[in-house]
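Take the given structure of chain A and dock chain B to it, following the hints.
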Amino acid sequence: MEPTITTDRTQLKGWGIDADPKNDPTYPMRHRTDQDHAGYSWERPTQQPIDIEVLHSNERPNVSAVFGTASPPSGLSGVIRRFAFKYSENSYLHWLPLILADRVNVVEGVLDDLVHGHVPNIFVEKGYKAQWKYDRTSLILKLATVALVAGGAVALLTGKKTPKSKHIRSAR
Amino acid sequence: MLAMNFRGPKRVRASQMPMPEIKHPEDAIVRVTRSCICGSDLHLYNGNVPDTRVGTTFGHEFTGIVEEIGSEVTKLKVGDHVLVPFNIACGRCVFCKQGMFGNCHESNPQATAVGGIFGYSHTAGGYHGGQAEYARVPYANVGPTVIPPGMDPDDAVLLTDVVPTGYQAAEMAGIQPGDTVVVFGAGPVGIMAARCAWLFGAGRVIVIDHIEYRLEFVRNYAKCEAYNFRELEDPVLFIKKTTDWIGADVCIDAVGAEAAGNAMQTITGRKLLLQAGSATAVHWAINAVRKGGVVSIVGVYGPTDNLIPIGNVLNKGLTIRANQASVKRLLPRLIEHVQNGVIDPKALITHRFPLEEVADGYRIFSAKLDNCIKPVLIPPSAGM
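Protein sequences appear in the order of chains A and B.
Just so we're aligned, residue 1 is where the first sequence starts under the working numbering, counting upward by one.
Just so we're aligned, residue 1 is where the second sequence starts under the working numbering, counting upward by one.
Just chain A, same shape as in the assembly (with noise of 0.2 angstroms):
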């Protein structure tokens, strides 16, 4: 349905009778020019030729003036992320599969690093160089868990298989 506007708001009885331009919360954000109400009216700056994909926001009627141009959409992090941009930042089908995308993007990352021949130094780039050096105590406290949680997983995971193929062994 499309809104309603109201053209004449001055033949709107009591219009503006109370208003005062003094109380205004938002300054000293915001300075009141005479092209605040004049909506998407400004000259716009020359535009930035758009020669990657760039995903717009479906709430703003094109891609601005300017945009960053790293690491356009690609693989299936891509694929999540043109599917994200078909609704607007009121949806949540806007940003959890945004969020979903930045997860997959990771395992990407990744496979990325070892298709070109780089095996990611996770112990480095997690910074535990410095973590070594200032706080050791939580850095192994959080190693060792990690550690416990992955063993104790392998151990369920092994240790299940035995008993289920002993009880199979006898049934037959």
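Bear in mind the hints are in silico, worked out from the structure with no lab data behind them.
Among these hints, one or two may not hold up.
Claimed, not checked - If we take Cβ atoms under 8 angstroms as the criterion, some of the chain B residues that face chain A in the derived model are:
id	residue
1	R11
2	E26
3	P50
4	T52
5	R53
6	V54
7	D80
8	V94
9	Q98
10	S107
11	A111
12	Y139
13	P309
14	G311
15	R363
Keep in mind that this is a model prediction, so the values were computed, not measured.
Don't be surprised by glycine CBs; every beta carbon is placed ideally from N, CA and C.
Relative to chain A, chain B alone:
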């Protein structure tokens, strides 16, 4: 060129990246001389901001020497040493014309709720940031400002975000002479907000945090009271008691999405990402301010939803004011303050890392190791 390279939550490295190019006639390319890690970079680092893509370079607080300019750049010349506001602003859209340079409508195609910001995910325009040897700076006639002769580059780099954001937090709060101002968060922005609250005539300034070395720092730097909320039964109750059971006139949230202090907020906001960060600080601010008071928010949150006591905002008749700092609008006044010794930004800098050690810098700042307040990255080609 060498640049910070985001690989995933809590994983970054310095690696060789392509040199930036002029993409628009109003672009400039600068050789970065200083680049900070900001508290809000930690939201990206921790994976809390949607559309943070692998391979992006962070960094929205930097200074640099102009190496190349586009055909329509008239206000800068090659060789100028500039400080680069974190907002990318066209200077001619309806918002820029109103002085809202943090809300430009011609710098971010991906989202309408926020203007373009250097190195701050595709939700803020998809720009590479300044944690690199070189950076592309759009709208070079508008944002970048030549560093005044004699100004220390360490002061200049903090004028790109920390100082204006702290100052605007106090400005938005509409502080009246004698007001009691409570600042939640003793990070660099909270420290600066506490310092600037005095400039607006505050009668009493109280800072709340839980990191003891930061509380000690802000007590000395901003000459204010500072309390550890871990040692208080309830920070809101404490503020009520200490303001004669009325509440503070003004509360400032200088923390944002990474706030500690409330298990439910931490689990839902930081661990499970069921809300756009932990809203503990803004929650406390709403509850600790007096009826009819002002809550000023400069802490950064994600774009979805947060759990805050909106009913109390109504019942108490509060005014909430919030924005990304309009750096360009504030710069003339703040440069004056730095030159006159009213504000001493560089005192906040506690750590310097070569860009090659960016991963260690993030870890130390994020985990608050080695009494870190503000880390600065120095690229190998900085030359100073």
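Cross-check of the supplied hints:
no.: 1; hint: R11; result: holds, 4 angstroms
no.: 2; hint: E26; result: holds, 7 angstroms
no.: 3; hint: P50; result: holds, 4 angstroms
no.: 4; hint: T52; result: holds, 6 angstroms
no.: 5; hint: R53; result: holds, 4 angstroms
no.: 6; hint: V54; result: holds, 4 angstroms
no.: 7; hint: D80; result: violated, 20 angstroms
no.: 8; hint: V94; result: holds, 6 angstroms
no.: 9; hint: Q98; result: holds, 5 angstroms
no.: 10; hint: S107; result: holds, 6 angstroms
no.: 11; hint: A111; result: holds, 5 angstroms
no.: 12; hint: Y139; result: holds, 7 angstroms
no.: 13; hint: P309; result: violated, 20 angstroms
no.: 14; hint: G311; result: violated, 20 angstroms
no.: 15; hint: R363; result: holds, 3 angstroms
Hint violations for this structure: numbers 7, 13, 14, all remaining hints satisfied.
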